[in-house]
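All chains, full assembly: derive it from the sequences and hints.
As they're listed, the protein sequences go chains A and B.
The numbering of the first sequence is our numbering, which starts it at 1 and goes up by one.
The numbering of the second sequence is our numbering, which starts it at 1 and goes up by one.
To be clear, the hints were calculated from the coordinates, so they are not data collected in a lab.
Some clues are possibly wrong.
[As the list claims (entries may be wrong)] Computed footprint of chain B on chain A; a stretch qualifies when at least three of its residues, placed anywhere within it, have a C-beta under 8 Å from a C-beta of chain B:
(1) 40–47
(2) 99–110
[To be verified] Covered stretches of chain B (chain A as the covering partner; in silico rule of three or more C-beta atoms under 8 Å from a C-beta of chain A):
(3) 7–20
(4) 46–60
Given the structure is predicted, the values throughout are model-derived calculations rather than measurements.
For each residue, glycine too, the CB sits at the ideal point set by N, CA and C.
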Amino acid sequence: AQSVSQHNHHVILSEAASLELGCNYSYGGTVNLFWYVQYPGQHLQLLLKYFSGDPLVKGIKGFEAEFIKSKFSFNLRKPSVQWSDTAEYFCAVITYGNNRLAFGKGNQVVVIP
Amino acid sequence: GAGVSQSPSNKVTEKGKDVELRCDPISGHTALYWYRQSLGQGLEFLIYFQGNSAPDKSGLPSDRFSAERTGGSVSTLTIQRTQQEDSAVYLCASSPEGNQPQHFGDGTRLSIL
Chain A
1 AQSVSQHNHH VILSEAASLE LGCNYSYGGT VNLFWYVQYP GQHLQLLLKY
51 FSGDPLVKGI KGFEAEFIKS KFSFNLRKPS VQWSDTAEYF CAVITYGNNR
101 LAFGKGNQVV VIP
Chain B
1 GAGVSQSPSN KVTEKGKDVE LRCDPISGHT ALYWYRQSLG QGLEFLIYFQ
51 GNSAPDKSGL PSDRFSAERT GGSVSTLTIQ RTQQEDSAVY LCASSPEGNQ
101 PQHFGDGTRL SIL
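Right, dumping it as structure tokens:
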């Protein structure tokens, strides 16, 4: 079964700092990749996705992620965070022929004003 | 437009009781998923419905768990003889087709006393 790894579960940073969250998956076949965000008290929302094409994908709120196939990675980045980016971020993978999402454990990000 | 609707939002029950959780997906979405979110386990896949096909039940943790999807729309997740380890947030998601981004509901927070 595929697995998804996210490191540094708790991240604390100041406004305007840059954010990078790592995501690695263990599956050698075709994958669709996602980052979801859960703001306090809200449901999971799609931040961005990669299906094919340009490995650098841009999502909402200034987030972007880069798919590096050789490293089985899909890291999330934002150059300058805001207080409103305080949330939990989940990386998720769907493998070809298997439509369930496999989630990482999540990164709890706290942005200090 | 209307998103994925789940009810109840909170459920507290005694160990050994049966519970039913309801999910109303986005209109027109053929794929419906149930996940469980708990401390220490993260987000786990439970079951997946796609149109009229037989559901993928491979994520159900025990035979106390079952789910139905009537008329290709509303789904009910039933947990019989609840145990304390069943305490979690149960999330429902839907998507237009199997490998498309999933839209999540707010979840049902289940607490077993």
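Count residues of the segment 40–47 of chain A with a Cβ under 8 Å from any Cβ of chain B, then say if the count reaches three.
holds (count 5)
For the segment 46–60 of chain B, count the residues whose Cβ lies under 8 Å from any Cβ of chain A; is that count three or more?
holds (count 4)
Whether chain B covers the segment 99–110 of chain A (at least 3 residues having a Cβ closer than 8 Å to its Cβ atoms):
Our answer is that it holds, as 8 residues pass the Cβ test (under 8 Å) against chain B, meeting three.
Proximity test - 8 Å, beta-carbon atoms, the segment 7–20 of chain B to chain A, at least three hits
Contact hint for the segment 7–20 of chain B vs chain A: violated, 0 residues under 8 Å.
Of the numbered hints listed earlier, the single one contradicted by the structure is hint 3.
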